[in-house]
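There are 2 protein chains.
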Amino acid sequence: MPTIIVEVMPKAELLDPQGKAVTGALTRLGKSQFTGVRIGKRFELTVDGPVDDALLAEVKTLADDMLANTVIEDVINISVLDEGSR
Amino acid sequence: MPTIIVEVMPKAELLDPQGKAVTGALTRLGKSQFTGVRIGKRFELTVDGPVDDALLAEVKTLADDMLANTVIEDVINISVLDEGSR
Numbered sequence: 008m009p010t011i012i013v014e015v016m017p018k019a020e021l022l023d024p025q026g027k028a029v030t031g032a033l034t035r036l037g038k039s040q041f042t043g044v045r046i047g048k049r050f051e052l053t054v055d056g057p058v059d060d061a062l063l064a065e066v067k068t069l070a071d072d073m074l075a076n077t078v079i080e081d082v083i084n085i086s087v088l089d090e091g092s093r
Numbered sequence: 008m009p010t011i012i013v014e015v016m017p018k019a020e021l022l023d024p025q026g027k028a029v030t031g032a033l034t035r036l037g038k039s040q041f042t043g044v045r046i047g048k049r050f051e052l053t054v055d056g057p058v059d060d061a062l063l064a065e066v067k068t069l070a071d072d073m074l075a076n077t078v079i080e081d082v083i084n085i086s087v088l089d090e091g092s093r
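The listed protein sequences derive, respectively, from chains P and H. Just so we're aligned, residue 8 is where the first sequence starts under my numbering, counting upward by one. Just so we're aligned, residue 8 is where the second sequence starts under my numbering, counting upward by one.
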């Protein structure tokens, strides 16, 4: 069955406390080449049936209305994984 | 500055309660074409300097040791985004 990937990241202008914590941990470990970390989400939606433009439009609406909190997050990418690639 | 993307998903054989909750919500909304949802994480690491094989090997180690909880999660992908692509 095809899988649709939806990627969601915290808005660039907002603080990302979890990412800040990881950045701090990397700095304390001496990994100063990593200057920032931001942490978002990756959704895998399994679809029963073909993926067409109408379905992708529906996923876009669902992503904005349900998967992401668009007050603090942006949907940065929606893509299709073929059957079997994971 | 280049950005390294690390993608982490719950292990396939484990329950993903958050994903199950979203699947249930989709079913209740009548979106029965979506048969499953799994929710993972997407890390963006900003790097000061060039990205070479040694750095990618270090990111792989960090991903397994620090970003993912490898008891319940798999690091499924590490990739490099060029400057400016987001």
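Calculated from the structure, these hints are not laboratory results. All values derive from a computational prediction rather than experimental measurement. Glycine is no exception: its CB is placed at the ideal position from the N, C-alpha and C atoms. You may find that some hints are simply not true.
[Unchecked claim] The list that follows gives simulated cross-link-like pairs (lysine to aspartate or glutamate, EDC-like), each with its CA atoms no further than 20 Å apart:
id	chain 1	residue 1	chain 2	residue 2
1	P	Lys-18	H	Asp-71
2	P	Lys-67	P	Glu-51
3	P	Lys-27	H	Asp-59
[What the hints assert, rightly or not] Covered stretches of chain P, as calculated for chain H (at least 3 residues, CB under 8 Å):
id	region
4	8-22
5	31-44
6	48-55
7	67-76
For each hint, the structure was consulted:
Proposed proximity of Lys-18(P) and Asp-71(H) is contradicted: the alpha carbons are some 26 Å apart, above 20 Å. As the CA atoms of Lys-67(P) and Glu-51(P) are separated by approximately 13 Å, the hinted pair is consistent with the 20 Å bound. Pair hint Lys-27(P) plus Asp-59(H) does not hold up; C-alpha atoms about 24 Å apart against a cutoff of 20 Å. For a cut-off of 8 Å, the count of residues in the region 8-22 of chain P with a CB near a CB of chain H stands at 4, and the three-residue condition holds.
With 9 residues bearing a CB less than 8 Å from a CB of chain H, the region 31-44 of chain P meets the requirement of three and the coverage assertion stands. Requiring three or more residues with a Cβ within less than 8 Å of a Cβ of chain H, the coverage given for the region 48-55 of chain P holds, as 8 such residues are present. For the region 67-76 of chain P, the stated coverage by chain H is satisfied: 3 residues place a CB nearer than 8 Å to a CB of that chain, which reaches the threshold of 3.
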